[in-house]
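Colleague: Letter by letter, the chains look like this.
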Amino acid sequence: MVLTALAAPGAAWAHAALLKTFPAASAEVNTPPPHVRLTYSEAVEPRFAIVSVTNAAADQQVDGAVRRSATNPDELLVPLKRVPEGWYLVFWRVISVDGHPVRGAFTFKVGPNPGPPPRFVIPSLSETAATPNLLVARWVTFLSIMAAVGLFVLRLAIARPLVSRVSGTRLRAVSIAFWIALGVALVATPVYVLLATSEFALRSVWAIGDLVPLLRVSAFGRGFLDIEIALALFALAAAAALWLDRPERPVRSVAALLALLGALMAAAAALIGPAAAGHAAQTSPR
Amino acid sequence: MSVRIVVAALLAPLALAACGGGSGSGGPSITIQPGQSYHLEGFMPGAPVTAGKPTPLSFTIVQPDGKPLTAYRHGAGPHNGVHVIIVRRDLSEIIHHHPPVGADGKISDSVTFSKPGPYRVVIDAYPQNAGPVPSFQLFEKVDVKGAYHAEPTPPFKPVETEDGYRFAVAGKPRLHAAQAGILDFTVTGPDGKAAIFTPWFGALAHAIFFRTGSLDYFHTHVCAPGATGCASVLGGAKVTGTSTTPGRLKVGVLLPVAGTWRLFLQTRVNGKVVTAPFTLRVA
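Protein sequence lines correspond, in order, to chains A and B. Counted the way numbering that gives the first Met the number 0 counts, the first sequence spans residues 0 to 285. Counted the way numbering that gives the first Met the number 0 counts, the second sequence spans residues 0 to 282.
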C-alpha cells in the first residue's frame, strides 16, 4: 500500500494543457481584443493563474483579475486595456488541478499595421514545484505519517504481545515514538500544503490569509486537508485505544477493540490520502 | 525528557516553514523584460516644416541587436530596399519615394510638402536577412506649418483623369474585408490610345491603400507576366495583379478591415509616374 501511495503521484500525467487561445497564437487581429481567452484541458483555478500581456516595451496590458469564463469552466478570461496596434507577448502560468504548475507563452499582433516583430524575452519562471524546502517538507510529511502508522502497528502486533511475555519490558518507548511521529505528521501536513500552495501561487508562505482560501480550491489542497482530518481522527482513536489498552489483561475490552479498529481505519485513510491528493483521482476537479 | 523531545519534534516543521518563507516571491506577479525590435533613430525633420519647399528627410533603421540596418534586399520585383510613403492625414496628397541607403545605413531624402497639415510617414523596409517576415513598416509623422483644412474624401468615381491619363475601373467594386478581389482598370493616354506601362521599381503598377481616419496602410502590385517577387502577402494569402495587354491593369485588392479606403494607383507611362486616386468602400 505504501509503495502504491508513493508510486501513484509519479505514474499519472494529468497536467493542464493549453488547448486554444484568443487571439490565436501568432495571429493578427484587426480590432483590439477586449480580453485574452485561454482554454485549458481542465478547470484550472483563476486565483492561481498568473497571466501577463505586454507590448514590446514590456508595458503591462492586463486590466483586472483573471476570471473564469461563465460559459466554459476550462476557460480563463484576462481583461485587457484598449491595446493599440503592435505586437503582444502573452505569458501564462497556471496550476494544474493535480497541483503542478504549467506555463507557456505566445504572441499576437494587433493590426492592420502592427509594425516589425519584436524579439520578446520570455521570462524564466519555475515550472517545477520541487524546491528543496518543498521536497524536505514533503518527505517529512510522508515519512512521519508512515512512521506513526508503522509504530502504531508495531506496538499493536509485535511490542504488545512481547511485553506480556517478557517480564520487565514496557511499551512506553514505542508509545512515545508513536506520539512524536504523529505529532510531526499533524504539523508537517498543513505546513507542506502551505509551502506548496505558496510555491504554486507565487505568494509568500506568510501570506496565510491569501493562501488558506486557495487550499480549498485545488484538489491538491483538499486532498491534503483530508489527510490532516484523517490524521486527527487517527490521533483521537489511537489515544482512546492506548488509554483503554490494558496489556496485562488477557482479553481486550470491546471499547478498546472498537477504538483500535477506528485507529486502524483512520491510519489507512491517512496512508491512501497522499496517493489520492496528487495526480490521481482527477474525475471531479471542482 | 520525553516531553522535551515531543516539543522539539513539533517545532521542527515550523522551523522548516520559516526557511520556506525566505524563498517566497512576495506577490503573484512576474517581470517581463522589454523586447528588442527594428526601430527608427534620428528621424528628421523633428520639428514642423514649411510647405512648398524641399525639406530634408532622413532616418536610420536600427536592428533588434542595436546595429544600424545597412543590408536591404535587392533583386527582381518591387519588394526591395526602402519605400517612403507619405500621406496627408486627409489622404488628399501622397508622396512615394525610394531613397538610397547610405553605407552607414542612414537614409536621406528630400521631400516637398505642398500643403500645411499633419502627415503620416510610412517606411516600408525590406531587409536582406529578414527571417520569417519579408518586410515591416515603421511609422512617423511630420507636421507642416500652417492651418490644416481637411479636405473631404471624394466619393467613388469610376473614372479619374491624372496628367491627361484616363483611369477607368470596370463596374462598381464590391469589396469585403479580408476577401480578395480584383479591380479591372483601363488606362488611356492623352492621345486616346491604350497606355503602355513600363516597370517601375519592379512592378507595372503599385496599388497603395490607406484607410481614411486610421490611415492603415496596405499595398499590392500589378506584375508583368512571369515577373518574380512581385506578389504581396497578407495573412498568408498572396495578392497580385496582372497586365498582359497595354492599357489594361488587373489590381488585386485584399484589405484587412472595413471602411473607406483610398487607392493610389501608380504606374509609369511614357517614362512618367502617374498616380490616380480612387475611393473604395470596403464592407
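The hints are simulated quantities; they were obtained by calculation from the structure and are not laboratory data. For every residue, glycine included, the Cβ atom is placed at its ideal position computed from N, Cα and C. Some clues are possibly wrong.
To be verified - Derived list of chain B stretches under chain A, where covered just means 3 residues or more per stretch with a C-beta under 8 Å from a C-beta of chain A:
id, region
1, 88-100
2, 214-222
What the hints assert, rightly or not - Dumping the calculated DSS-like pairs for lysine-lysine here, alpha-carbon to alpha-carbon at most 27 Å:
id, chain 1, residue 1, chain 2, residue 2
3, B, Lys66, A, Lys108
4, A, Lys80, B, Lys140
5, B, Lys140, A, Lys108
6, B, Lys156, B, Lys192
7, B, Lys140, B, Lys52
8, B, Lys52, B, Lys114
Claimed, not checked - Derived list of chain A stretches under chain B, where covered just means 3 residues or more per stretch with a C-beta under 8 Å from a C-beta of chain B:
id, region
9, 64-73
10, 88-96
Colleague: Could you run down the list of hints and mark each one as holding or not?
Modeller: To see whether the hints hold, each was checked on the structure:
1. 88-100: The restraint on the region 88-100 of chain B is violated, since only 0 of its residues have a Cβ under 8 Å from chain A and three are required.
2. 214-222: holds (count 3)
3. B:Lys66 - A:Lys108: Roughly 25 Å between the alpha carbons, so the hint for Lys66 of chain B and Lys108 of chain A holds.
4. A:Lys80 - B:Lys140: holds (25 Å)
5. B:Lys140 - A:Lys108: Holds, because 22 Å separates the two Cα atoms, which is no more than 27 Å.
6. B:Lys156 - B:Lys192: At roughly 21 Å apart (the allowed maximum being 27 Å), Lys192 of chain B and Lys156 of chain B satisfy the hint.
7. B:Lys140 - B:Lys52: Given that 27 Å is the threshold and the Cα spacing comes to 18 Å, the pair holds.
8. B:Lys52 - B:Lys114: holds (10 Å)
9. 64-73: violated (count 0)
10. 88-96: holds (count 3)
Hints 1, 9, counting from the list given before, are not met by this structure.
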